Amino acid sequence: MGKKVLSESALERMQTEYNEWLAEYKQALQKMPERLGRFSTVSDLEIKPLYTPQDIEHKDFFEEIGFPGFYPFTRGVQSTMYRARLWTMRMFAGLGTSEDTNQRFHYLINHGETGLSTAFDFPTLMGYDTNSPLARGECGKCGVAIDTVEDMQRLFANINLEKVTTSMTINPPASIVWAMYIANAENEGYSRSKLGGTIQNDCLKEFIAQKTLMLPPEPSLRLVTDTVEFGTREVPRWNTISISGYHIREAGSTAVQELAFTIYDGITYVEEGIKRGLAVDDFAGRLSFFWNSHIDFFEEIAKMRASRRLWARLMKERFKAKDPRSMLMRFHTQTAGCSLTAQEPYNNIIRTTTEGLAAILGGTQSLHTNSLDEVYMIPSEEAVLIALRTQQILADETGVTNVIDPLAGSYFIEALTDKMEEEATEYIRKLDELGGMVRAIERDYPQMEIADAAYHFQQQVEAGEKLIIGVNKYASERRELEFVLKIDDTIEKMQVDRTNQFKEKRNKDRYRRAMDELRRRCEGPPSWENNVMPALIEAVRAGATEQECCDLYREVFGVYTDPGTF
Amino acid sequence: MEKGRKLRILVAKPGLDGHDRGARVIARAFRDAGFEVVYTGCHQTPEQIVSTAIQEDVDIIGLSILSGAHTYSFPRIMELLKESNAQDISVIGGGIFPLEDIPKLKEIGIKEIFEPGAKLQDITDWVTTNIQPRQAVALKAR
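Which chain is which? The protein sequence lines are F and B, in order.
Going by my numbering, the first sequence opens with residue 1, and the numbers climb by one from there.
Going by my numbering, the second sequence opens with residue 1001, and the numbers climb by one from there.
Note that these hints are calculated values from the structure, not bench results.
These numbers come from a predicted model, not from an experiment.
It is possible that some hints are incorrect.
[What the hints assert, rightly or not] Using C-beta positions, here's what the derived DEER-type ranges look like:
id, chain 1, residue 1, chain 2, residue 2, range
1, F, E188, B, R1031, 46 to 56 Å
2, F, E529, B, Q1048, 35 to 45 Å
3, B, T1128, F, G464, 18 to 28 Å
4, F, L36, B, G1004, 34 to 44 Å
5, B, E1036, F, Y474, 32 to 42 Å
Yeah, the Cβ is synthetic: ideal placement off N, Cα and C, and Gly gets one too.
Could you build the full structure based on these sequences and the hints that come with them?
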């Protein structure tokens, strides 16, 4: 039996006084009824008018809340949290050419950003070079175009790769882009053992939500496990997967679905690592997570607190991890792109501020705050600076960083944290029953759960049950901002030309040998001897382009296309 | 022309953009409004979209795109429809477009562009009002 928050006699009095309050409340509503027929979160989770110690009467402080930096880490992954070190301010950036993006990186660093985060354009994300017919019209539009190790060099020019950590949002081609990053860093004189950063490398949520699709699930998992294995042995400061709820949420899921599906993806990656023969405590500490911070303030904080406790318990109980670092849910957060409006775009600053504050109170390790113009396209310098300044004001002016996990003990927050964990656990049970995430994806289960939630939310918006200022309340017309970034269509030809020139000057024998070795490893059974990473690093050094490596993957492993269900 | 035939609509996502929330939501709304809906998933080339539209004998194509690559894919789709003698298939678009691009898209024959915040009801009403089943027209054209 745990230690209860309240004694029996206190609970009795609580019940009596609660009943008195409830009678009074109901009477008052006779005169003026509640404003809404039903009060619920943005995820449509019903919220009561008042929470009291009764809502957390079962609570065992030591088992469930505890201390920051101690199991089950509900209050934070470090003992010091923001008293010692603020979260990493990491703005997702990528536009046009590698030179354009490098310039943006320097701009952000010069304005106080503390970590880098790279956005790639769609061809790069999907494993095509800029000269592919499938890439027409896409070059540099939604991120930076990276075809070769030379592009990687230009992207990180004059940035100290042993001092700055870099996150790269790249999934099916993650192994290749990471190989380019390592090859370039070593060319620049840095040591792979000192490189810190993250590749998103979360193939499962691609099938579920983000739809950057290339290979079927099983070989995708094999490649992810290759990177985990390689990172464990050779790049120990690297986060080899950023297990991402962000995109699941943007696709329309509820907060609980985001939590549950993402944690289950995490379970799957741990199982794959163990199947490869790795000890859980050797690699689990390098798994990181990525949450969305949506507009419903308390729901997000509760979700993040619940995520830490849930992951810690799973790692300890399900996977028998011993090292506390294996149990840490370390996560990046991005404010919710889908909560922003094209109407009255300046209001997006307010939304982002609220969501950023939730991420901080939720205990995030790094944060991207959306720019007010991200609803139209990738941000302009003017807008991104406001977004970065938003984090800095929250950090340095508001006082919210003075104290660790300030909302702990709130009857509402603790009850909502419990609710998140309970409902996510129910989904985890269901996914276990379905035979795991790959089977569930094949049955379209998480995809349809999300589609249902997205449609439900849209219907609520149309019925006026969920309000969006400027859209369905105080509706106004869209007008263009004075600073909207334009990506020049002519960079496509420039990028195609230089990738072609790069290919012409490579040593054809060395390139051929490297690609043969990569193919041999891909065709062989998964093992350290057949790990693709060493072969990829040699291949990109020998001049292989991203698409050439991806084409080889597609040939050996097959192609996955979107089934197009709705 | 058979009377009361259901409108057939192809919901398509051109290019490499994977943002399919809008496409899937609008596909459901069209279905709930009584249309026959074909949705081909993400990552369709203009060639695939036009070929599906013809094979499936649709009356209208709804293109959803959020990547900014509409400057290539929308004109290409209109060109291919013309080459296939299928200009009578109407085309509408939804997603994110710079304001200055919208008149240009209408000039090349895109019938309507629905921007962020457009109501599902308004979109389905627009289609019901403005689009007729094309069978009879198509026969005449051939």
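TODO: Could you see if the CB distance from E188(F) to R1031(B) stays within 46 to 56 Å?
DONE: For R1031(B) against E188(F), whose Cβ atoms are near 54 Å apart, the range 46 to 56 Å holds.
TODO: Determine whether the Cβ-Cβ distance between E1036(B) and Y474(F) falls within the hinted range of 32 to 42 Å.
DONE: holds (37 Å)
- [ ] Could you tell me whether the CB distance from L36(F) to G1004(B) stays inside 34 to 44 Å?
- [x] holds (41 Å)
TODO: Using the Cβ atoms, figure out if T1128(B) sits within 18 to 28 Å of G464(F).
DONE: The hinted range 18 to 28 Å holds for T1128(B) and G464(F), with Cβ atoms some 22 Å apart.
Task: Hint check for Q1048(B) and E529(F) - Cβ pair distance inside 35 to 45 Å - done: holds (40 Å)
Hint compliance for this structure: no hint is broken.
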